[in-house]
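Produce the complete structure using the sequences and hints provided.
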Amino acid sequence: MGFDMEQTDQLILDTAHRLFTDQCGADVVNGAERGEAPERLRQAILDAGLTLAWVPEAAGGVGGSLALGLNLIRQAAGFALPVPLADALVANLLLAESGLAVTERWAALAFDGDELPVLLQGEVNGVVAAAAGAPEAAVLVVPVTEKGVVKIATFAPSTIEMEHQESLAGEARTRVILKSAIPGQLSGPVDGMTADGLKQFCALVRACQIAGALEKIGELTVGYVKERQQFGRPLGKFQAVQHKVADIAGESALAGAAVEQAVRRVSAHPEPFSGDSDIFLPLATAKVVASEAAGKVTRDAHQAHGAMGFSFEYPLQQYSRRVWSWREEFGSEFYWSERLGMAVAAEISALGAGEVAGCAWDAVSR
Amino acid sequence: MESVRFNFPAPEIDQSVDELRKEVRAFLDEERRSGGFVPVTDCWCAGVDPAFSRKLGRQGWIGVTWPRQYGGRELSALHRYVITEELLVAGAPVHAHWIADRQSGPLILATGTEDMKRNILPRIAAGECFVALGLSEPESGSDLASVRTRAHRVEGGWEITGTKLWSSGAQHCQYMTVLARTGERDPNRRHEGLTQFLVPLDSPGVTVRGIRDMSGVEHFNESHFEKVFVPDDAVLGQVGEGWKQITSELALERSGPERFLSTFVALERALQQGAAAMTGHQAAVVGSIIARIRALRAMSLGVAALLGQGHSPEVEAALVKDLGTRLEQDIIERLREFWPVRMKQGYGDELQYLLSDSLLRQPSFTLRGGTNEVLKGIIARGMGLR
Chain A
1 MGFDMEQTDQ LILDTAHRLF TDQCGADVVN GAERGEAPER LRQAILDAGL TLAWVPEAAG
61 GVGGSLALGL NLIRQAAGFA LPVPLADALV ANLLLAESGL AVTERWAALA FDGDELPVLL
121 QGEVNGVVAA AAGAPEAAVL VVPVTEKGVV KIATFAPSTI EMEHQESLAG EARTRVILKS
181 AIPGQLSGPV DGMTADGLKQ FCALVRACQI AGALEKIGEL TVGYVKERQQ FGRPLGKFQA
241 VQHKVADIAG ESALAGAAVE QAVRRVSAHP EPFSGDSDIF LPLATAKVVA SEAAGKVTRD
301 AHQAHGAMGF SFEYPLQQYS RRVWSWREEF GSEFYWSERL GMAVAAEISA LGAGEVAGCA
361 WDAVSR
Chain B
1 MESVRFNFPA PEIDQSVDEL RKEVRAFLDE ERRSGGFVPV TDCWCAGVDP AFSRKLGRQG
61 WIGVTWPRQY GGRELSALHR YVITEELLVA GAPVHAHWIA DRQSGPLILA TGTEDMKRNI
121 LPRIAAGECF VALGLSEPES GSDLASVRTR AHRVEGGWEI TGTKLWSSGA QHCQYMTVLA
181 RTGERDPNRR HEGLTQFLVP LDSPGVTVRG IRDMSGVEHF NESHFEKVFV PDDAVLGQVG
241 EGWKQITSEL ALERSGPERF LSTFVALERA LQQGAAAMTG HQAAVVGSII ARIRALRAMS
301 LGVAALLGQG HSPEVEAALV KDLGTRLEQD IIERLREFWP VRMKQGYGDE LQYLLSDSLL
361 RQPSFTLRGG TNEVLKGIIA RGMGLR
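Protein sequence lines correspond, in order, to chains A and B. Position 275 of the first sequence, counted from 1, bears residue number 275 in my numbering, the numbering being contiguous throughout. Position 353 of the second sequence, counted from 1, bears residue number 353 in my numbering, the numbering being contiguous throughout.
Wrong hints could be hidden among the right ones.
[Unchecked claim] Computed footprint of chain B on chain A, listed as stretches where at least three residues anywhere in the stretch have a Cβ under 8 Å from a Cβ of chain B:
(1) 258-270
(2) 274-284
(3) 287-294
(4) 323-337
No lab work stands behind these hints: they were computed from the structure. The C-beta atom is built at its ideal place from N, Cα and C for all residues, glycine as well.
In structure tokens form, the structure reads like this:
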């Protein structure tokens, strides 16, 4: 059973990999920022059903595990996809989890980890400062709160006030302003979902994207220092350059290991959007480590690439700008570190100083 | 394009592993409360207490993965991992048996004679027999293939002459594994002609002299071998296999929890003192350290799983040690912000003592078992750059 599932997952990942390789070359990524909309890529992703990976088969989706979708997100980030696949996946997941109808076109995720818009007497009020995927969306998916309970609401984009902006990486980030807005669809309370649990899950999504992009940055760097010759030999033959590459490999491996552990834990948890302490530790760890690695790896990679890596034409910058943007979203390393430290301190205080020796250790080994 | 994606599989943790962890924790809590040991930082190198090692031997916690007939319990590598990490975070004095449990025992198991296995392994598992490493020399550090210690064939065995340096804990050990040149030195084949011997340290011609380190501990040694005779069956494996043995030993040596938990005991004590009045800034520093340790542990357990599956994850192990040993140092540097480190004995304050001792010991973390520069070279080779 487990093996079959793994095989199916791998099949889907392989299909996606071929699709991205064929349709998402560096020219497509740069072109998207020059105003050439990646229509073929968008359509191919929809046709392949990738945005529905987390939608049950009964609702017309793939019925994939959380691990499958998160691995797909990590893989897509390795192509700097100029399409909001990750956010559409989460938006469709919210629709499916809450029993609402799923769209086969693009769904925008109007959630950025800050306070949820408020539902009162059938009307929604509030602002989402950085929704993802809004410009091309057929539907806005908005987690809202009613008396502390999370529900999912949808809106037709044309009916909602929006201000479109771009992230550092040129990804659409939209201020969504909801004024007495009446949802097109409105779910009941979503079992086991809290606003903080959702924020933790989305932080893991960004951490997976960072991990995928860092691997690509590592590959680009290794390739470049092998090719580029100075002083009569490849840069990679210089020990100083080798050590930079080793540092890139280390930080990237650390982020990868943290992300994989978090993916395993969240996939195995009965309530993955609850913010339960068993998943908080690995999720916070993943976002802290990945976000820290984003800064270190890009610094070393750009140093190894010289001026070439600073040019728009060379692909490195597409990945650098993405990880710089993703590391801030849904909580930076500073935000999650503080929460992690406070959570451990609270556990220690609760037990009383000196009572049990291994409190911090428990938070590490759990 | 060269892949830089590494695989760190999840270990298979069954109930017996969790139970063993609880058992070890309970034992260590009780020992600490009853004064059986005083926690020390870097305990696997600086905490020497042969009596405590014997206690662990009686608990059955040394050599747990070895066959029963040689004193082991045939438990998994993960069982051993759990025992070692619990000992490390408790700051238990485990140096006496550490090397024999981690590396010399498995080496003897893989390459030793049946006699060695029957006579020595059960004594190691009982915490009664300790083994030192004879690798570095006065003229041979990172460039280990340049060792000058020589072994000459004589009637019935070998005669060893040379000097080994920085051997940790040799004064407490009954044996040393000595890397010696047995073949002619060929500049083009530097790794050939090297052989490891298991040498009893009470052999005539052996002198062991302690060397005080900058933290005030005398755990380093200079061991001199003057025409020391060992019989033929002191050879580990085949003559000329020394280099191959050492490189596979190093994979075990490089990825264990002692490569990122050496100063954890200081962090734990700092948190006990600071938890009640923790500021947001302190929490952010502590949280970032804890996240990094968690991630390193996931990597380290992944390497353990790979070793268990029969792989040789040399690059992954080097990554763990490079990142982990730097983290051990960073922990102390970052805690200094809140707990300045001034006095050697910390005025009798346990946290201050652990911090100051950590600081005085930290230069060794990124040197022992292969410097971080050597490790980065291994990683770069793995990336196809050398």
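Checklist entry - Going through the earlier hints one by one, which of them does the structure break, listed in rising order? => result none
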